[in-house]
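Sequences listed follow chains A and B, in order. With the working numbering applied, the first sequence corresponds to residues 800 to 1167, in that order. With the working numbering applied, the second sequence corresponds to residues 800 to 1167, in that order.
No lab work stands behind these hints, which were simulated from the structure alone. Don't take every hint at face value.
As the list makes no split between identical chains, a pair holds if one copy fits it or if it spans any two.
[What the hints assert, rightly or not] Below are the BS3-like pairs computed for lysine-lysine, each with C-alpha atoms no more than 30 Å apart in a straight line:
{"#": "1", "residue 1": "Lys1156", "residue 2": "Lys953"}
{"#": "2", "residue 1": "Lys961", "residue 2": "Lys1057"}
{"#": "3", "residue 1": "Lys1059", "residue 2": "Lys829"}
{"#": "4", "residue 1": "Lys817", "residue 2": "Lys1052"}
{"#": "5", "residue 1": "Lys1161", "residue 2": "Lys953"}
{"#": "6", "residue 1": "Lys1091", "residue 2": "Lys1161"}
{"#": "7", "residue 1": "Lys1156", "residue 2": "Lys1057"}
{"#": "8", "residue 1": "Lys953", "residue 2": "Lys897"}
{"#": "9", "residue 1": "Lys844", "residue 2": "Lys1135"}
{"#": "10", "residue 1": "Lys825", "residue 2": "Lys860"}
{"#": "11", "residue 1": "Lys1143", "residue 2": "Lys1157"}
{"#": "12", "residue 1": "Lys953", "residue 2": "Lys968"}
{"#": "13", "residue 1": "Lys1121", "residue 2": "Lys1073"}
{"#": "14", "residue 1": "Lys1150", "residue 2": "Lys1161"}
{"#": "15", "residue 1": "Lys1127", "residue 2": "Lys833"}
{"#": "16", "residue 1": "Lys1146", "residue 2": "Lys1090"}
Protein chains: 2
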Amino acid sequence: MAIQIDPWSDSIPQDYAKLMEDFGIKSFEKIAEKTPDPSHLMRRKIIFGHRDFERILKAIKKENDYVVMTGLMPSGRMHLGHKLVVDELIWYQDHDAKIYLCVADLESHITREISLQEAREAAINEYLTNFQALGLNLEECNLYFQSQSDVVQKLAHTLGNKVNFSELKAIYGFGGDSNVSHIFYPMIDVADILHPQLEEFEGPTPSIVPVGIDQDPHLRLARDVARRSENDYGFILPSSTYHRLMPGLTGGKMSSSKPKSAIFLTDSIEEVEKKVADAITGGGHTVEEQKKEGGSPDECIIYSLYVYHLMPDDEELLELRKACESGKLICGDCKKKAIKFLNKFLKNHKKNRKSVKKKIGKIIEDHS
Amino acid sequence: MAIQIDPWSDSIPQDYAKLMEDFGIKSFEKIAEKTPDPSHLMRRKIIFGHRDFERILKAIKKENDYVVMTGLMPSGRMHLGHKLVVDELIWYQDHDAKIYLCVADLESHITREISLQEAREAAINEYLTNFQALGLNLEECNLYFQSQSDVVQKLAHTLGNKVNFSELKAIYGFGGDSNVSHIFYPMIDVADILHPQLEEFEGPTPSIVPVGIDQDPHLRLARDVARRSENDYGFILPSSTYHRLMPGLTGGKMSSSKPKSAIFLTDSIEEVEKKVADAITGGGHTVEEQKKEGGSPDECIIYSLYVYHLMPDDEELLELRKACESGKLICGDCKKKAIKFLNKFLKNHKKNRKSVKKKIGKIIEDHS
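With the hints as extra help, turn the sequences into a complete structure.
Pasting the structure below:
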């Protein structure tokens, strides 16, 4: 049986290669080399797979229009795992993309039973404030709330006419006890992905959806539906890239429902120190053993913090890696270093949040 | 097995008594007697069943607020069968109801594959123009298009969290090949019915949905969902009345998909003459036989035209009935009389449509 990827579970898929083979996702490695000014996420194979990225690369190189579509589901606090997509968006914004940013308040409401009002507040005070503070220019994005977009709702109903229950059952494992809002929800997600290509927006245009691998079911469905609706809308199949899921400090996926697994963007210095101290590493059982045998960075969550977020410079990272593997750098010191980096980042982020907070209300208003 | 009522099929349920027993619908006969100034539809048992009409009667008698909720599905041309609901609405408007009128453009779109734009045009030029021309004061109604109501969409998603696929399968017979928009649609209908009771509208208020018996599945679902959401919203269970389905001239239900079965509100004199001439009657095989044995008005579609629409005066109707049963009035003459009545009505309606057409645009605009 194929490995099932469920965007709504907390489990981390172990075998990326198998997933890629099963679902026809291509390796990103070679195309990263052809990409001008690739981000650290591209260079380090954190973005490891894609579908039709060639089309986007061509648009970037020829300076043609293209769209980046992404969503944020307001639920709980934002952590470093969520930051990956923001880093990707900033890269695309630097490369002249038109960014469509969907606040998936209906998804929070339907899959997490969060009221639409709470979802709205979380989106504004937590997510959008962080996005802007991290460096994304929201004023340049096409930002909307799912529950308020007539266009998306209508498109979902239209496209849903072409998708039957058996198909959704096969993709998402729905059954008789699945609630009907959840059953319909994937169509809203598909409409989010495809609506920038409607004539009233950009018309048929290359578009890309940068996602975690857990979101691939929505992408496959969106591409299937785009194919079926080609005669009606002339949709160009949406491209996608897949990034690894940020590992949690305690193993598994970094998740806001397990606070010890995550570094939140609004964590205090004390919280960070405690969490990093408790984090799983790739070190030996004793300091002596580690000095002799060296550490295993690829099994180390602290190392992944450097790779994903803290050390964008490749040479600096390589040095750290060598120091670990040779036994020169032991876990205690490495954790102290990580805490220093993290605290610098979080302190700076706090300052940025403060200055963003003043204008975020106006940004939302301008988009309504 | 219980008789299944399917709002989306063209078949006419034969056994109303059985339906009432199976689904707990009460007879309207006794409560009609307690109703002040009952309409001809009430007096003649065309409205034959109800749920909780007592609550509405009380509101009418005490001059308390109450809501009438109804929808129109823009699909094809409007015929005498559609006129029943309009007559009911006019009665309620005369009895101080707050009328919520939903243009079910999503229903046309999803169940009939009519584009939302076509549905909008049909709603305005055909349905709403006719409603106003028949005497309903749309300016006093709370009129909205389903596809444009954020509130209804949001409520549908919220309430859909409490309804699972198995339930909808049992009510509507959905299966693996049902399309997902159709599967979700009943939740929109439920949200239409319940949304007038949201705090931002009337708050919890007695409400009534006058429908054809084929719409009962939506009502049962709406009442079930209202019960489950009582703690969240305090909904008062919506009341309902059930009217018989207007018989078609050629047998079965009057349906716009079978033009010969229906008198359309915009039919020409020639069309009406032809259709009435071809209609099924309760007459004998020969004029001689009929003069001797008399006719059977209860098997006669022409008689039902008088009962449902053409002869609101009960004494006049009784005289006609007696003349038929005694053999004094034969079918040919009775049809001529019906044609005369119909043409008078349609000519008058045409004139009214003309004068309404000028202001219908503004009425729609005022409601947007």
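Verification of the supplied hints:
1. Proximity of Lys1156 to Lys953 under the C-alpha cut-off of 30 Å is restricted to the inter-copy arrangement: shortest distance 28 Å between copies versus 33 Å within a copy.
2. In this homomeric assembly, Lys961 and Lys1057 come within 30 Å of each other (Cα to Cα) only across copies, at 27 Å, whereas the closest approach inside a single copy is 38 Å.
3. In this assembly of identical chains, the alpha carbons of Lys1059 and Lys829 never lie at most 30 Å apart, being 36 Å within a copy and 67 Å across copies at closest.
4. Only within a single protomer do Lys817 and Lys1052 lie at most 30 Å apart by alpha-carbon distance; the minimum there is 19 Å, versus 57 Å between protomers.
5. Proximity of Lys1161 and Lys953 under a CA criterion of 30 Å is satisfied in both settings, with 28 Å inside one chain copy and 25 Å between copies.
6. For a Cα distance limit of 30 Å, the shortest separation of Lys1091 from Lys1161 qualifies neither inside one copy, at 58 Å, nor across copies, at 85 Å.
7. In this assembly of identical chains, the alpha carbons of Lys1156 and Lys1057 lie at most 30 Å apart only when taken from the same copy (27 Å versus 62 Å across copies).
8. Within a single copy, Lys953 and Lys897 get their C-alpha atoms as close as 22 Å, and across copies as close as 28 Å, so both meet the 30 Å cut-off.
9. In the homo-oligomer, the alpha carbons of Lys844 and Lys1135 lie at most 30 Å apart inside one protomer (26 Å), although the nearest pairing across protomers, at 84 Å, exceeds that limit.
10. Only within a single protomer do Lys825 and Lys860 lie at most 30 Å apart by alpha-carbon distance; the minimum there is 21 Å, versus 72 Å between protomers.
11. When the C-alpha separation of Lys1143 and Lys1157 is checked against a cutoff of 30 Å, the pair qualifies only within one copy, where the shortest distance is 23 Å, while the shortest distance between copies is 68 Å.
12. Taking the shortest alpha-carbon separations for Lys953 and Lys968, both the intra-copy value of 23 Å and the inter-copy value of 24 Å come in at or below 30 Å.
13. Proximity of Lys1121 and Lys1073 under a CA criterion of 30 Å is satisfied intra-copy only: 26 Å inside one chain copy versus 94 Å between copies.
14. In this assembly of identical chains, the alpha carbons of Lys1150 and Lys1161 lie at most 30 Å apart only when taken from the same copy (19 Å versus 52 Å across copies).
15. Taking the closest pair of Cα atoms, Lys1127 and Lys833 never come within 30 Å of each other, the shortest separation being 36 Å inside a single copy and 95 Å across copies.
16. In the homo-oligomer, the alpha carbons of Lys1146 and Lys1090 never lie at most 30 Å apart, since the shortest distance is 33 Å inside one protomer and 101 Å across protomers.
Hints 3, 6, 15, 16 from the earlier list are contradicted by this structure; the remaining hints agree with it.
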